[in-house]
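**Q** These protein sequences, in sequence, are chains A and B. The first sequence: position 36 = 35 (numbering that gives the first Met the number 0), numbered continuously. The second sequence: position 94 = 93 (numbering that gives the first Met the number 0), numbered continuously.
To be clear, the hints were calculated from the coordinates, so they are not data collected in a lab. For each residue, glycine too, the CB sits at the ideal point set by N, CA and C. Please note: incorrect hints may appear among the correct ones.
Unchecked claim - Listed below are the simulated BS3-like cross-link pairs for lysine-lysine, each with C-alpha atoms no more than 30 angstroms apart in a straight line:
hint : chain 1 : residue 1 : chain 2 : residue 2
1    : B       : K373      : A       : K17
2    : B       : K123      : B       : K88
3    : A       : K86       : A       : K184
4    : A       : K163      : A       : K119
5    : A       : K78       : B       : K289
6    : B       : K373      : A       : K12
7    : A       : K119      : B       : K275
8    : B       : K289      : A       : K138
9    : A       : K205      : A       : K188
10   : B       : K173      : B       : K104
11   : B       : K85       : B       : K219
12   : A       : K163      : B       : K378
13   : A       : K163      : B       : K3
14   : A       : K119      : A       : K129
15   : A       : K12       : A       : K69
16   : A       : K86       : B       : K275
17   : A       : K78       : B       : K378
What the hints assert, rightly or not - Chain B is nowhere near these chain A residues, computed Cβ spacing over 10 angstroms in every case:
hint : residue
18   : F30
19   : K73
20   : K136
21   : N181
Unchecked claim - Here are some of the chain A residues that sit facing chain B, going by a computed Cβ distance under 10 angstroms:
hint : residue
22   : T47
23   : D57
24   : S84
25   : F89
26   : F91
27   : Y100
28   : R156
Each chain, letter by letter, is given below.
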Amino acid sequence: MNKLIEMKNVMKKYPMGKTDFVALENIDLKFSEGEFTGIVGPSGSGKTTILNIIGSLDSQSSGDVLVMGKQIAKLSNTKSARLRSQKIGFIFQTYNLLPVYTVFENVEFPLLLLNMSKEKRKILVNEALKWVGLTDKIKSKPAQLSGGECQRVAIARAIVKEPKLVLADEPTANLDAENSHNILKMMKKINEETGTTFIFATHDAKVIKYITRKITLLDGSIAQDEIVSGG
Amino acid sequence: MVTKLALRNIFGSGLRTWLNIFILSLSYFVIIALQGFFVGWQEDATREMKEWDLAGGQYWQQSYDPYDPFTLDDSHGPTPKELQEKIKKDKAISILLTPATIYPKGRMRNIVLKGIDPQQKLLKIPTKHLRSDEDEISCLIGSEFAKKIDIKEGEYLVLRWRDKNGVYDAEDVKIAHIFHTTVLTVESNQIWIPLSQLQEMLDLPGEVTIITMKDENYNKQFQGWTYRNLDFLLADLKNMIKAKTVGSSIIYFLLLFLAVLAIFDTQILSIFRRRKEMGTMMAMGMTRPKIIQLFTTEGALHAVFAIFMGAIYGIPLLNYFEKVGMNIGMDAKEWGLSGLEDALYPVYGWKLVLGTIIFVFLTVIIVSYLPTRKISRLKPTDALRGKMTKKKVD
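Chain A extracted, bound-state conformation:
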């Protein structure tokens, strides 16, 4: 499988008063296309920081990060925005749907950034909503949806542009068990059928059941990186 992401000796520190807080240290990781990987660990272990660096929302303090052949730290704001808009989808714990938009408009948003034609946008949005089973809610606003439905909209929004990589930060943390399983099954299906790479940051045991690779972080360092059975 093709290499998608490579992190070499990555360190991330944040200034905290007069000293620095080290969030990540000596991170060496490689991710290939089509992986369904979970980064697990307790709160504050650096899971979200890794996702943010891979997603070019943040940059490392030292080390190299290559995402789809691009040195993340060297990308300008515009180039990293372009990388995210074209190649990376995000799913957040709190869904982060745009509150005044309908379901259709929320899912359409990433396609607008790609300057896609109206017809193509319509086809892709309907297709994505079909994947997540929300074709009957296209005119609803996020406030009218349940937590599970909101997260399904967020998944549709992440996959609608057919990205190579989806970064999901605690996607099931706000969902009940049934919704969590449904969401994970859905993502697994998308991963298997489209080959989209999924990387999760999670400490939810339910997620761990579905992933095929589990990276355990402890205090900003990799404690374990193992292949698991996965769903």
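Starting from the known structure of chain A, arrange chain B on it as the hints suggest.
**A** This is chain B only, laid out in the frame that chain A set:
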């Protein structure tokens, strides 16, 4: 794309958006309406003053000073020959002024006695009512002045004057006609009698104080006479209207201030309340300049919708005022304002409408843009957590 998203955002915001738009539309309406009233007033007043008093300009006898009544005794001279020709051809008229006293109801009142040719057609003063072929002196008087001294048509007034030799004389004058005008300079404390009679009374045959010209461009120099063009003669009126315009602009600046404050407030609130939204937009690949553009466009669109909302209620209302005028609810004469009828008829030119739209639009864009500059230092990771980045980021 940005406009499309901005439209979605402002339509999605519901009532708050429409309240802001309504206040802003009121600003457009009030500015255009008030300015229209002042433009209309200036046009009406200028026209009335030209028709009743100034025509195309005036020659003043060099001693004449309208603000100094003591100059009136000496402000007279023979009409230059060239101007006599103009008068014969109805292209000019001459007026003689002198101080006099009347005694309405036994009370003394100082006035300006004015002599004018009863045959003149240049000014709207109804001089046809003056009779110079009778033994008694007939006079014209303005309706406001007549009201003040409580006199009616056909009644008599005792008039006392002093001739060029300083000899006082007095006679009863008959009120031949009471005319209505909005031009105070031809009616306030004035009595009009036939020119020839006044010249005879003052023992000043052929002498006059003012020669009013029909032609605006006629401004030849004559010894002993000073030409006053319309710019000079209307300067007081224009300055007064300008002063009133500045006073009234406080009202619409206050309204505009309230409107832009509402938009500024909405923008500031948006920046703080919608940080997560911005973080999400950044995560999805929207650049910071695009987000700034989006938020500024959202603000600016308020101004666009305000134009449409303002047009919905403003055009019929402005048209209505243009047709029926607006009652100013007070006696214009008490204000001392020339050319001001009981109702004001506004005039809305395209310059006024376009100028107001551009002015309000630019104000709103600036006010919308200023708070959005904070976005330029927003880090996506902070925005996603709903935090504001304190340091500037590259």
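**Q** Taking the hints in turn, state whether each one holds.
**A** For each hint, the structure was consulted:
no.	hint	in the structure
1	B:K373 with A:K17	holds (26 angstroms)
2	B:K123 with B:K88	holds (17 angstroms)
3	A:K86 with A:K184	holds (22 angstroms)
4	A:K163 with A:K119	holds (19 angstroms)
5	A:K78 with B:K289	holds (13 angstroms)
6	B:K373 with A:K12	holds (25 angstroms)
7	A:K119 with B:K275	holds (28 angstroms)
8	B:K289 with A:K138	holds (26 angstroms)
9	A:K205 with A:K188	holds (16 angstroms)
10	B:K173 with B:K104	holds (14 angstroms)
11	B:K85 with B:K219	holds (12 angstroms)
12	A:K163 with B:K378	holds (24 angstroms)
13	A:K163 with B:K3	holds (27 angstroms)
14	A:K119 with A:K129	holds (15 angstroms)
15	A:K12 with A:K69	holds (22 angstroms)
16	A:K86 with B:K275	holds (21 angstroms)
17	A:K78 with B:K378	holds (15 angstroms)
18	F30	holds (19 angstroms)
19	K73	holds (12 angstroms)
20	K136	holds (17 angstroms)
21	N181	holds (23 angstroms)
22	T47	holds (8 angstroms)
23	D57	holds (5 angstroms)
24	S84	holds (2 angstroms)
25	F89	holds (5 angstroms)
26	F91	holds (7 angstroms)
27	Y100	holds (6 angstroms)
28	R156	holds (8 angstroms)
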